[in-house]
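**Q** In case you want the letters, here they are:
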Amino acid sequence: MARMKFLCDADRCIECNACVTACKNEHDVPWGINRRRVVTINDGKPGERSVSMACMHCTDAPCAAVCPVNCFYTTADAVVLHSKDLCIGCGYCFYACPFGAPQYPRTSNFGSRGKMDKCTFCAGGPEADSTEVEYAKYGANRLAEGKLPLCAEMCSTKSLLAGDGEIIAAIYKERVTQRGYGSGAWGWQTAYRETITV
Amino acid sequence: MHDKQQTAINRRNFLRAAGGASTVAVATAAATLNPDEAQAYDPGEEEMGPRYQETDHVKAFYRVNGYETLEK
Numbered sequence: 029m030a031r032m033k034f035l036c037d038a039d040r041c042i043e044c045n046a047c048v049t050a051c052k053n054e055h056d057v058p059w060g061i062n063r064r065r066v067v068t069i070n071d072g073k074p075g076e077r078s079v080s081m082a083c084m085h086c087t088d089a090p091c092a093a094v095c096p097v098n099c100f101y102t103t104a105d106a107v108v109l110h111s112k113d114l115c116i117g118c119g120y121c122f123y124a125c126p127f128g129a130p131q132y133p134r135t136s137n138f139g140s141r142g143k144m145d146k147c148t149f150c151a152g153g154p155e156a157d158s159t160e161v162e163y164a165k166y167g168a169n170r171l172a173e174g175k176l177p178l179c180a181e182m183c184s185t186k187s188l189l190a191g192d193g194e195i196i197a198a199i200y201k202e203r204v205t206q207r208g209y210g211s212g213a214w215g216w217q218t219a220y221r222e223t224i225t226v
Numbered sequence: 342m343h344d345k346q347q348t349a350i351n352r353r354n355f356l357r358a359a360g361g362a363s364t365v366a367v368a369t370a371a372a373t374l375n376p377d378e379a380q381a382y383d384p385g386e387e388e389m390g391p392r393y394q395e396t397d398h399v400k401a402f403y404r405v406n407g408y409e410t411l412e413k
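Chain order of the listed sequences is A and B. For the first sequence, our numbering gives the first residue as 29, with consecutive numbering after it. For the second sequence, our numbering gives the first residue as 342, with consecutive numbering after it.
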């Protein structure tokens, strides 16, 4: 059985944020929530790195381990989803997640949290596939339509890979074998005019 | 004055006794329950099932992303 995975090739990411925008638009994500974000370290300095981050759909998901109402479940595709009907918006999963994936809509001016929202790997939620109810709560179900997450499909530099873990790992492995990694990668000297250990 | 104090003590004793009885009742009720272990939400087989399909669309994604490395 194929296991769905994201893989961000940091040597290719140019921090264009197209993945973030595509995700928000595809799923009609509410104001104030980003299911995906681009994180940049050493911004503006030689050796700058950008990585597109969202829910990594962990095999042993810590969010599911701490959830007091057990609203998380893992599908046969190894996608971690949750039920917004059960979620109480306690925020435990946000503290447990090493990637900061869970997000909460602000429901009042006094800071109260709404139901948790996170990347679904474009696989919807527990409602029937591709229904209006599912779309309103979890966004589009592209996986059921025979497609992959839009963030990866939109990536102009082909940095963000998504799909069967074995296939995208093979693609990335071949890239590294051919071009090197970090300061050994092609284009590095052109961009930074020096060799930096990353 | 003495009678008043006696009444107050009796009332407190009554409450203490009632409190003790209710604690025992709650403990008995809890012991008779059969709590299951916490279990993850199960939306049903259909929703837990695989949705990923290796369609032409998906194959095109793999091909395009591995265009410079994978065998044509």
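There's no promise every hint is true.
To be verified - Result set (SDA-like, lysine to any residue): computed pairs, CA atoms no more than 25 Å apart in a straight line:
#1 A:Lys52 - B:Glu386
#2 B:Lys400 - A:Ser158
#3 B:Lys400 - A:Lys73
#4 B:Lys400 - A:Val48
#5 A:Lys33 - A:Val57
#6 A:Lys186 - A:Glu155
#7 A:Lys186 - B:Glu386
#8 A:Lys112 - B:Glu387
#9 A:Lys143 - A:Thr218
#10 A:Lys52 - B:Gln394
#11 A:Lys112 - A:Lys73
#12 A:Lys52 - A:Lys73
#13 A:Lys175 - A:Arg207
#14 A:Lys73 - A:Glu155
#15 B:Lys400 - A:Asp192
#16 A:Lys33 - B:Glu395
#17 A:Lys143 - A:Thr159
#18 A:Lys52 - A:Lys201
#19 A:Lys33 - B:Asn351
#20 A:Lys201 - A:Asn53
#21 A:Lys112 - B:Asp383
#22 B:Lys400 - A:Ser184
#23 A:Lys186 - A:Val94
#24 A:Lys165 - B:Met389
#25 A:Lys73 - A:Val57
#26 A:Lys112 - A:Tyr200
#27 A:Lys175 - B:Gly407
#28 A:Lys112 - A:Glu54
#29 A:Lys143 - B:Val405
#30 A:Lys33 - B:Arg357
#31 A:Lys33 - B:Ala381
#32 A:Lys143 - A:Ile195
#33 A:Lys201 - B:Asp383
To be verified - Pulled a few chain A residues facing chain B out of the computed Cβ check, cut under 7 Å:
#34 Val94
#35 Tyr101
#36 Asp105
#37 Lys175
#38 Leu189
#39 Gly193
#40 Ile195
Hints are computed from structural coordinates only; laboratory data are not their basis. Even glycine gets a Cβ: it sits at the ideal position worked out from N, Cα and C.
**Q** All hints are to be evaluated individually against the structure, with a verdict given for each.
**A** Hint check results:
no., hint, result
1, A:Lys52 - B:Glu386, "violated (29 Å)"
2, B:Lys400 - A:Ser158, "holds (22 Å)"
3, B:Lys400 - A:Lys73, "violated (37 Å)"
4, B:Lys400 - A:Val48, "holds (23 Å)"
5, A:Lys33 - A:Val57, "holds (21 Å)"
6, A:Lys186 - A:Glu155, "violated (32 Å)"
7, A:Lys186 - B:Glu386, "violated (34 Å)"
8, A:Lys112 - B:Glu387, "holds (18 Å)"
9, A:Lys143 - A:Thr218, "violated (47 Å)"
10, A:Lys52 - B:Gln394, "holds (24 Å)"
11, A:Lys112 - A:Lys73, "violated (41 Å)"
12, A:Lys52 - A:Lys73, "violated (29 Å)"
13, A:Lys175 - A:Arg207, "violated (29 Å)"
14, A:Lys73 - A:Glu155, "violated (46 Å)"
15, B:Lys400 - A:Asp192, "holds (11 Å)"
16, A:Lys33 - B:Glu395, "holds (14 Å)"
17, A:Lys143 - A:Thr159, "holds (20 Å)"
18, A:Lys52 - A:Lys201, "violated (30 Å)"
19, A:Lys33 - B:Asn351, "violated (70 Å)"
20, A:Lys201 - A:Asn53, "violated (31 Å)"
21, A:Lys112 - B:Asp383, "holds (13 Å)"
22, B:Lys400 - A:Ser184, "holds (18 Å)"
23, A:Lys186 - A:Val94, "violated (35 Å)"
24, A:Lys165 - B:Met389, "holds (17 Å)"
25, A:Lys73 - A:Val57, "violated (33 Å)"
26, A:Lys112 - A:Tyr200, "violated (35 Å)"
27, A:Lys175 - B:Gly407, "holds (17 Å)"
28, A:Lys112 - A:Glu54, "holds (19 Å)"
29, A:Lys143 - B:Val405, "violated (37 Å)"
30, A:Lys33 - B:Arg357, "violated (61 Å)"
31, A:Lys33 - B:Ala381, "holds (22 Å)"
32, A:Lys143 - A:Ile195, "violated (34 Å)"
33, A:Lys201 - B:Asp383, "violated (36 Å)"
34, Val94, "violated (11 Å)"
35, Tyr101, "holds (5 Å)"
36, Asp105, "holds (5 Å)"
37, Lys175, "holds (5 Å)"
38, Leu189, "holds (6 Å)"
39, Gly193, "violated (11 Å)"
40, Ile195, "holds (6 Å)"
The structure shown violates the earlier hints numbered 1, 3, 6, 7, 9, 11, 12, 13, 14, 18, 19, 20, 23, 25, 26, 29, 30, 32, 33, 34, 39.
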